[in-house]
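Sequences listed follow chains A and B, in order.
So for the first sequence, the working numbering puts the first residue at 45; every next one is plus one.
So for the second sequence, the working numbering puts the first residue at 45; every next one is plus one.
Please note that a few of the clues may not be correct.
Partial list, computed: chain A residues near chain B (C-beta under 8 angstroms) [unchecked claim]:
(1) F98
(2) E129
(3) P371
(4) L398
(5) E451
(6) S454
Derived from the structure by calculation, the hints contain no laboratory data.
C-beta: ideal position from N, C-alpha, C; glycine also.
2 protein chains.
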Amino acid sequence: MKYDVAIIGSGVGGYPAGSYLAGKGLKVAVIEKHLIGGECTNYGCVPSKALYQFAEAVKTIEKINGVAEYKWSELIEWAKGVVKESREGISYLLESKGVDLYNGVALIESNKRVKIKNSAELKEIEADKLIVATGTDPGDIPVARFDGSGIISNREALYLDDKPESMLIIGGGVVGVELANVFSAFKVDVTIVELLDHILPFTDRDIALAVKTHLSQRGVRIIEKTTVGRLEKASGKYHAELSNGEKLEVDKVLVAVGRKPNTRGIGLENLGVELDSKGFIKVSERMETSTQGVFATGDVVGGPLLAHKAILESIIAGRVISGEEAPRLDYKLVPITIFTGLEVASVGYTEKELQSMGLKYVKYRIPLYYLSSVKIKGGKNAFAKIILDERGGRVLGIHIVAPNASEVVSAYIPLYIGKMNLKDAAQVPYPHLTVSESLRDFAEYILGEPVHLLKK
Amino acid sequence: MKYDVAIIGSGVGGYPAGSYLAGKGLKVAVIEKHLIGGECTNYGCVPSKALYQFAEAVKTIEKINGVAEYKWSELIEWAKGVVKESREGISYLLESKGVDLYNGVALIESNKRVKIKNSAELKEIEADKLIVATGTDPGDIPVARFDGSGIISNREALYLDDKPESMLIIGGGVVGVELANVFSAFKVDVTIVELLDHILPFTDRDIALAVKTHLSQRGVRIIEKTTVGRLEKASGKYHAELSNGEKLEVDKVLVAVGRKPNTRGIGLENLGVELDSKGFIKVSERMETSTQGVFATGDVVGGPLLAHKAILESIIAGRVISGEEAPRLDYKLVPITIFTGLEVASVGYTEKELQSMGLKYVKYRIPLYYLSSVKIKGGKNAFAKIILDERGGRVLGIHIVAPNASEVVSAYIPLYIGKMNLKDAAQVPYPHLTVSESLRDFAEYILGEPVHLLKK
């Protein structure tokens with residue numbers, strides 16, 4: 045078969061380009077070695093947010109001393125059902141647009157030819173253009189190698205047949221804290237061990253501290269500046285010895301220390317596609333690799349490993365390939381979202397980043413507990429932070445730490461991209477009893493006369 | 045005592061102006077006859093959304109055949125606690141800014157003089173300017189007069205000592221459907237009787253139908269084009285006879301048919317302040333009444349009886365009084381929000397309104413169940429609708445029917461106010477696994493090549 049475009053990987057880096065190009069009338073093949081939808085749909089965002097939504101409901105019931113009774117197996121079955129429905133939604137979308145879906149491992153033979161191998165057969169297709177969207181795999185570390193049952197990644201953690209009593213999470217990044225939040229709500233005794241100074245090391249300390257306080261109140265133990273020195277399995281338990289001398293005995297060890305790009309064994313070497321020092325594929329703003337006609341998108345090109353970043357890159361590749369004007373993706377505009385009850389959503393720069401670049405800035409910070417919506421949903425340490433440039437003009441960073449922050453940040457984004465200014469925001473009747481209405485109050489606060497807040 | 049400004053009513057129509065003006069250094073009195081914060085804080089948004097948040101958590105637990113066990117008394121106590129904290133937050137804010145709070149009934153003697161009477165004493169204050177923000181009271185109807193125990197308004201319904209087994213709600217407007225949603229989650233057998241063609245009669249039929257379907261699935265019975273002909277109390281129950289001949293026996297009857305302005309008994313007649321035909325105070329864009337120096341804000345001036353509309357009006361009055369530039373409030377920009385699990389949030393015009401004005405328009409409508417966030421939170425009949433003018437240029441209306449719509453609409457608002465266009469929205473990496481990301485997809489859909497949706 046001959047295609048205009050062959051896309052390797054059906055995850056959020058791959059299928060949007062497939063959908064776009066097929067919609068434009070191009071003949072498109074999407075090759076998937078495992079499950080349609082990739083990591084996000086099957087082992088990431090979707091099952092994790094399903095468990096998250098349930099976890100938050102459990103915490104709400106408990107807030108008034110209630111008890112939520114449910115079967116673990118029904119919870120996992122429900123999450124699986126949501127994942128299946130999401131996966132089938134993507135298949136239906138692609139098939140409706142006329143995309144050919146291939147199940148198998150892709151081996152790139154040249155920039156025009158791809159072999160697809162699965163247990164049943166070996167096929168070969170031709171394509172004018174290739175998009176490599178093979179994503180990343182969870183990474184482990186020497187002291188804790190995945191064993192498929194007890195030392196696990198997100199992939200197993202989201203589908204555990206039985207609820208563990210205790211869990212050690214190695215790594216206090218986004219995956220680590222999100223799953224700590226979820227499992228602690230399910231009464232799993234969770235300990236996070238983080239190598240660096242504080243959990244969520246990529247962000248500012250005040251944000252990390254708010255999340256740490258929140259998780260600690262939910263019963264998560266967080267040990268920072270610490271590593272796991274030894275890890276052994278004995279009588280069905282994992283025995284960990286930490287660098288601070290402490291010993292832990294747990295049922296499961298979740299390793300969430302980062303991810304590694306899937307660039308091996310797919311024939312990239314046949315094309316001479318350049319990789320960066322960490323093995324991610326190097327691409328231009330147009331998502332083109334160093335090899336003409338070969339594009340790469342999503343996690344496999346590095347940057348923030350977030351679904352919405354992958355989707356935008358995939359759309360850009362689609363537009364470039366179909367010869368249309370393609371937007372340039374501002375990677376600082378990609379919101380970093382952390383779903384931890386007290387959620388975090390950030391666009392733009394952190395203070396840490398600005399300081400490391402030697403840039404001066406003005407910081408405004410308001411507590412958000414004044415909002416009745418936050419009183420209801422919980423979050424005494426909720427806050428929002430807006431960072432302006434030295435002259436108080438351009439918005440350099442927006443950080444929201446509050447329930448529902450993942451939705452709320454989208455209302456703040458027009459400030460960051462310069463489509464709205466503070467005065468505009470101060471005049472909008474954002475709906476009451478939401479967290480979004482903080483935007484009007486925050487704008488008033490910076491401008492000088494907030495009606496719901498005291499001035500600095 | 046002599047003040048620059050005296051404000052009658054400490055609700056969302058009153059206190060923001062008080063906060064603003066005191067912040068500007070004016071001497072301000074706020075007079076409250078009942079509880080600081082008024083209807084919204086004490087009997088409206090705050091307790092209602094507290095119960096709502098809990099109700100949604102109960103439904104989430106039940107989604108996987110779980111059971112939420114809790115004590116009704118603890119639920120009500122918790123809601124009372126949230127209300128108390130909100131109320132105290134407003135008092136603290138006003139007192140910190142130096143506002144004098146008076147507890148008592150205000151009687152306006154002239155546009156410069158107000159008497160304040162409470163059980164303990166009678167005071168008199170002078171003020172250069174007055175703001176009347178006395179709000180509204182729930183209205184009843186001849187067949188169902190409030191009796192303080194069984195035939196009730198929102199005020200009693202949100203604080204019931206015991207959970208009723210059954211409830212008749214007269215009126216399928218916002219209050220009626222929101223409380224039907226909440227009480228049905230608490231296993232109260234709820235029937236809504238609506239006089240007009242469909243519940244939520246002010247909005248489009250497709251929106252009302254989605255909410256109706258959702259509520260019906262939750263067990264609420266909805267009877268439209270029907271009235272209550274007779275209502276009698278016998279042996280502790282209320283017996284209702286409907287215009288369709290049906291008979292109902294219920295524990296409680298919630299009358300939610302509308303609200304009446306509090307313009308009597310406060311001395312407005314002494315000033316000659318003009319009222320409209322429904323008794324609401326007539327005001328200019330600057331929130332001035334027909335009497336010089338006398339302003340009115342919030343529910344008492346009519347229009348959409350929504351907290352965020354009242355807040356903006358209050359800020360406008362504050363700015364006008366302090367001699368500053370004041371924004372003009374576009375009343376069509378005031379989002380109408382309905383918190384019913386499957387929430388509704390609308391800005392701009394409905395189709396119904398445009399049709400009645402004889403205006404042509406182009407309508408776009410996308411189902412939102414394609415979003416994994418909606419699959420997780422529930423809402424098979426979720427959708428979004430954007431209405432453009434005839435030439436497809438200006439956004440005339442935005443209607444979101446989905447979980448979290450009340451937050452999501454704030455991300456869509458820049459489209460309505462013309463600060464962002466569809467192309468801008470199509471290029472923003474709105475975060476994944478939210479409902480807000482529908483904005484990018486919807487923009488792409490209208491522009492022609494949606495990657496997550498099929499084209500029309």
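Could you check the structure against the hints above and give me the numbers of any it violates, in ascending order? Number 4 - this is the single hint that the structure violates.
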